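Peer 1: Each chain, written out:
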Amino acid sequence: MIGVIVGVTLRQVGRQRRMLVLLVLALVPVLISILYRFTADNSSERDAIEFASGMLATFVVPIVLPLAALLVGTSALGQDIEEGTIAYLLAKPLARWKVVVAKMLSAWLLTYLVTLVAVLGSGLIVLTGHEGISLVPAFVVACAAGALAYVAIFIALSLRFSRALIIGLGYVFVWEAIISQFIAGVRFLSIRAYTVGIADALTDVDAEILTRSLDVTPAIVLLVLLVALGGWYATRAVTRFQISERV
Amino acid sequence: MTTRPTDETSSIYDLGYRSYEGVRLGRRYAVLALYRESLRAAFGLGRSTAAKIAPAILIGIALFPALIQLILGAILPIGEIELVRHDDYYSGIKFVMALYVGVVAPDIVGRDQRTRSLTLYFTRAITRYDYALGKLAAMTTAMLAITLVPQLLLFVGNALATDQFGDFIRENWDELPPIFGSALLGSWLIAAIGTLIAAQTPQRAFATVGIIVAFILPIPIAAILVEQIDAGWADYAVYLSPLDLVDGLTYWLFGTAPPASDSLIALTDFSTATFAGVAVVVALAASALLVRRYIRVQA
Chain S
188 MIGVIVGVTL RQVGRQRRML VLLVLALVPV LISILYRFTA DNSSERDAIE
238 FASGMLATFV VPIVLPLAAL LVGTSALGQD IEEGTIAYLL AKPLARWKVV
288 VAKMLSAWLL TYLVTLVAVL GSGLIVLTGH EGISLVPAFV VACAAGALAY
338 VAIFIALSLR FSRALIIGLG YVFVWEAIIS QFIAGVRFLS IRAYTVGIAD
388 ALTDVDAEIL TRSLDVTPAI VLLVLLVALG GWYATRAVTR FQISERV
Chain H
14 MTTRPTDETS SIYDLGYRSY EGVRLGRRYA VLALYRESLR AAFGLGRSTA
64 AKIAPAILIG IALFPALIQL ILGAILPIGE IELVRHDDYY SGIKFVMALY
114 VGVVAPDIVG RDQRTRSLTL YFTRAITRYD YALGKLAAMT TAMLAITLVP
164 QLLLFVGNAL ATDQFGDFIR ENWDELPPIF GSALLGSWLI AAIGTLIAAQ
214 TPQRAFATVG IIVAFILPIP IAAILVEQID AGWADYAVYL SPLDLVDGLT
264 YWLFGTAPPA SDSLIALTDF STATFAGVAV VVALAASALL VRRYIRVQA
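If you read the sequences in order, they're chains S and H. Using the working numbering, read the first sequence as starting at 188 and increasing by one per residue. Using the working numbering, read the second sequence as starting at 14 and increasing by one per residue.
Simulated from the structure, these hints should not be mistaken for lab results. Every clue listed holds true.
Chain S residues, not near chain H, derived (Cβ > 10 angstroms throughout):
no., residue
1, G190
2, H317
3, S321
4, G372
5, D402
Derived contacts from chain S toward chain H, CB cut-off under 8 angstroms, selection only:
no., residue
6, V215
7, Y223
8, T245
9, I353
10, L356
Pairwise CB distance ranges, derived in the manner of DEER restraints:
no., chain 1, residue 1, chain 2, residue 2, range
11, S, I396, H, L166, 30 to 38 angstroms
12, S, L281, H, V162, 48 to 56 angstroms
13, S, G194, H, F135, 45 to 53 angstroms
14, H, V162, S, V403, 42 to 50 angstroms
15, S, V211, H, L96, 34 to 42 angstroms
16, H, S130, S, R347, 26 to 34 angstroms
17, H, F135, S, F348, 32 to 40 angstroms
Please read these numbers as outputs of a predicted model, since none were measured by experiment. The C-beta atom is built at its ideal place from N, Cα and C for all residues, glycine as well.
Bound-form chain S, shown alone:
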């Protein structure tokens, strides 16, 4: 049954125009990387590594990943609530946590797909034939973890607030982007820092932009906690959801 819900959600969200917009967004770093590869063909190893790590750590992880997770995550269950179709979903003889797991899984798949286009596209184009190629698998794994965490909290938010999209934007662009610049401790509560921290641990490339982030152990522990918390809250909210005639 989980598989069925995943399939339905993938079709429901995946066919919307926002997926197209997100794919265009994911293609931006790929295009810039192509430009870089063509214009800087005599560049040193160091330059290519710096460019790729900068592209991944300051563009893909802080912008493409959270925006994809935000647009997909808030609509995976939020849209059902908005349109009232959640009644049909919850009326099935199915444990509510399974509904949450299915929705999270499908939102994660779509988010990860978009992010993967950006990571693989920009990483492989810039680094193929260079030393720092281990950056690519590192970010492939780290983005999988980051996408799961973002999706978990955005689904939980969409169950609590009708303006989850705005609140999520505030989290991504105020908390993670602005406040983290001034207060170093914010990195303990920032999925972006977890993601970069995990990527840093998985690669032997030592780029300055990566080592500034969180250590890998707290990153993984906090990330798992956050996913568990998001899943728990979403399950609780869905369990208590009143199926009533809300128009």
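Based on the hints, put chain H in the right spot on chain S.
Peer 2: Same frame as chain S, but now just chain H:
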């Protein structure tokens, strides 16, 4: 032919409709009313507390550095302190500006499409030009709360810090034209782009995301293209980013050079005057497109 009904079975009822006999205030008054109400909506005035929170927080963040300087300047007797400067104030609150216009613009222009009340506006003395320009003026004025107000606070703060309040104003009055000029031009540019995007969709969330992405996304794109790609043409990418345009025109108006170390504008070797030129062109184009949008929109 049907027969005419006789007088006994039919009659015209007086439903009591009355014609309006008061003063008709005309087009100018209608535009001013539109402007005033739109401006109030920007700050959530006359609406629920929830609508006031986001603009208030963002204005607070935007004013914060200037306020700190004002307070320190008034309390500490150490003469000139310079935590923040006039010419790079906007580059410090870039993200706040993007979020602010993202939150406020859909409130100013999207609401009437969402509630389908555009028809009602256009049946009144207001024309479509008036409507578009009135909304743009309201958004520009709303932007001044996070552009002009902090700059003026900063000016007053600097004056307080010197003990000789009057002397400071006399000596530094020539900073006022660039303060007003950069605030007005920057606000117009940001407001024009913001309202243009917000006018495309009645859905608030999409408008907000679209505006924020349109302002924030070009910043890293321009930075990467300028810094990492050696070809000379890549430098022109800096003009793609509206908030970098605001930065550049501010340096130009204040007559200062951007810091060579960490400013994208310094890296490009373009004269800062060109940023002001591009900003005016972009703002004009966005305003024209906004008017065009309202001339064509179904209402």
